[in-house]
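Heads up: the sequence lines are chains B and C, in that order.
One rule links them: number in the working numbering = place in the first sequence (from 1) + 765.
One rule links them: number in the working numbering = place in the second sequence (from 1) + 32.
None of these hints come from the bench; they were simulated from the model.
Be aware that a few hints might be false.
[Said to hold, decoys possible] Here are the computed distance ranges between Cβ atoms for each label pair: (1) Y913/B <-> F47/C: 47 to 55 Å; (2) S185/C <-> A839/B: 53 to 61 Å; (3) M129/C <-> F918/B: 48 to 56 Å; (4) V904/B <-> D215/C: 48 to 56 Å; (5) F47/C <-> V904/B: 26 to 34 Å; (6) I1090/B <-> R111/C: 48 to 56 Å.
[Unchecked claim] The following residues of chain B were derived to be distant from chain C, with all beta-carbon distances above 10 Å: (7) P859; (8) L868; (9) A876; (10) L924; (11) P951; (12) Q989; (13) K998; (14) G1004.
Using N, Cα and C, we set each Cβ at its ideal position, and we do this for glycine too.
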Amino acid sequence: MPVLIRIARTLRRTLLQAVPTILGIVVLNFFLLQLAPGDAADVLAGEAGSATQESVAALRARFGLDSPVLEQLATYLGNLAQFSLGFSPRYGMPVADLIAQRLPGTLTLMAVALLIAILLGIVLGSLMANFAGRIPDRVLSVFSLLFYSIPSFWIGLMLIVLFSIKLGWLPSGGAGTIGSQLKGLPALFDTARYMVLPATSLALFYVAIYARLTRAAMLEVKSQDFVRTAYAKGLTPFGVTARHILRNALIPITTMAGMHIGGMLGGAVVVETVYSWPGLGRLAFEAVMGRDFTVLLGILLLSSLLVIIANAAVDLVHAWLDPRIGAR
Amino acid sequence: MTSLLLQVENLTIGFPRAEPVRNLSFEVRAGETLAIVGESGSGKSLTALALMQLLPRAAAVISGRIIFDDRDLLGLDAREMRHLRGRDIAMIFQEPMTSLNPVMSIGRQIGEVLKAHEKLSGRAARERAIELLKLVRIPAAEKRVDDYPHQLSGGMRQRVMIAMAVACRPKLLIADEPTTALDVTIQAQVLDLLDTLRRELQMAVVLITHDLGVVAQWADRVVVMYAGRKVEQALPGELFNDPLHPYTRGLLSASPRLKHDFHYLEGPLTEISGSIVSAAGEVGCPFRPRCCQARASCGHQVPPLIAQTPDRLVACPFTSSLKAVPDAAHLSL
Ligand SMILES: Nc1ncnc2c1ncn2[C@@H]1O[C@H](COP(=O)(O)OP(=O)(O)OP(=O)(O)O)[C@@H](O)[C@H]1O
Ligand SMILES: [Mg+2]
């Protein structure tokens, strides 16, 4: 039971902090975006080619872009209070619908990438810690340094060159075979095939981080007294590592993973563009280019919500991993 | 005479640059408490860890034999040694604050050693953990079993360590300064508990300490170590009434609690001048630089252990001349 109480307490604290955070993010971003030159009407007019002063002004009036900034903010917040994210001039549809279309793509991509990063990172980091200072550790260290320093778009391109063009094993872009009528397991398998490369490119950077982090954390935990106690009980080296060392080393790793979710959204913009993956990242990119600030604000709002949820999840995992946390 | 449980013969433990334990021999009889005393750095913990085969990575047993229950522990492979650890030989460590895993409930930590050596379900292990907590006199054991180490006081944690150590009824329990980190009243409780359990479970205890008061009260036999060697071995009574080695004499006169009708306000406590470090890398008697009785011949070789009776050994050839002037040693120290 104390576990549940601990978790409930953590959850309540998170919720209380979330509301002002989100409000602050929205207002700040709103003013920030106002600083960018041009608006949606300009871009639309530019793309149409044959726009006149009058038609642009009419566009502005239709979407409320001509009213004073503070009034626009008030309208936006008013919409938010009614759980509406507003309307996109560019796509001609409610922002909420637009995001709902793209969100699942990005979420699966991020979830898969994060899962790969954490699992692979912990396995590699454990190996490195186990062989600290010896050949396997050295080799893996070099690789982790490489993946840490190579930008993800380049890794993405190279993976495409190798696996799609040279070997022809995996598709180079998209989210599923177009026009396929697959259902159930084969459909899942098809999606997975399209997911491998983008998820890997997004993950490799984080694999490197988690591997190094796991290595450091495990080496530190290893030298602690309770590990000697565990060996004195007659446990196997694997038992000691899994139940005593890893469990304690996981605490700093989950903290970092939580902090990385925001960064991963940023990485998704690049990766989704490289692999033409229909996700939020690409939508954000298009919204910036089209000066479609309602869409952008919606995405930013959602991202911050995502980060807050992720942090809450990390807090929960922490409360579960570390009994000392709930005591506060 | 009771049977021998453990026999350590000529044990030498080395790091790449030093040999902190040299040529150490002692034995432990079934059911007895053997105290090993010596100041900080004399190699007590390393000896204990060698018995468990848990020496730090840089250290190794260079020579010697450790015969436990007719088997040489140094000849066992990792698996065989694992089966002994926690089941036949258990150990309690010096630091109760850090020797328990902070993120695992104490019930699980106790259950773990049971599961490692006996086929037990999770529920049965928990029941046994509660029994063990009761055995080490932890109140409200049913509730405490789910507590985490940070919720317990130092004394309670050491009790949990003891519960863990005796869980599989070991034949030998090594307690490395089990009470150094605890305050005096708790110390006595914990040591009493250890002694009661020793009798109830019929185990032998190797009690490592630098507190001679502890020796006087709880030990059946005493080994005095200095700079990694045994310098004297005796029954506690003999040791306190008639210490032979100059180092032992120094130790005794430096212990306030042992002098009858002596209060520290009435006179100065003597100290042994110099430090153990100064004994490193010397030929001859390791205690020579600090010994007031040192003579030229002490520098020639390490004095061999001389048996006065089978149970009374001393590594100093000049003890009879020392005895002539009973208090000479600590008067001039
Ligand atoms: N990792 C190590 N590397 C080198 N020397 C070490 C190491 N660990 C211990 N030693 C040396 O071994 C000697 C004996 O250490 P040990 O821990 O056995 O002493 P001890 O008698 O238990 O002392 P204490 O009463 O402080 O616990 C010390 O002089 C110490 O300098
Ligand atoms: Mg010690």
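Hint-by-hint comparison with the structure:
1. Y913/B <-> F47/C: 47 to 55 Å: With a Cβ separation near 36 Å, Y913/B and F47/C fall outside 47 to 55 Å, so the hint is violated.
2. S185/C <-> A839/B: 53 to 61 Å: holds, 59 Å
3. M129/C <-> F918/B: 48 to 56 Å: holds, 50 Å
4. V904/B <-> D215/C: 48 to 56 Å: Distance hint for V904/B, D215/C holds at roughly 51 Å.
5. F47/C <-> V904/B: 26 to 34 Å: holds, 29 Å
6. I1090/B <-> R111/C: 48 to 56 Å: About 38 Å separates the Cβ atoms of I1090/B and R111/C, which means 48 to 56 Å is violated.
7. P859: Given that every Cβ of chain C is farther than 10 Å from that of P859/B, nearest at about 47 Å, it holds.
8. L868: About 35 Å separates L868/B from the closest Cβ of chain C, which puts it past 10 Å; holds.
9. A876: With a cut-off of 10 Å, A876/B remains clear of chain C, as the shortest Cβ separation is near 26 Å.
10. L924: L924/B clear of chain C: closest Cβ-Cβ about 38 Å, beyond 10 Å.
11. P951: holds, 41 Å
12. Q989: violated, 6 Å
13. K998: violated, 4 Å
14. G1004: Non-interface label fails for G1004/B: nearest chain C Cβ at 7 Å, not farther than 10 Å.
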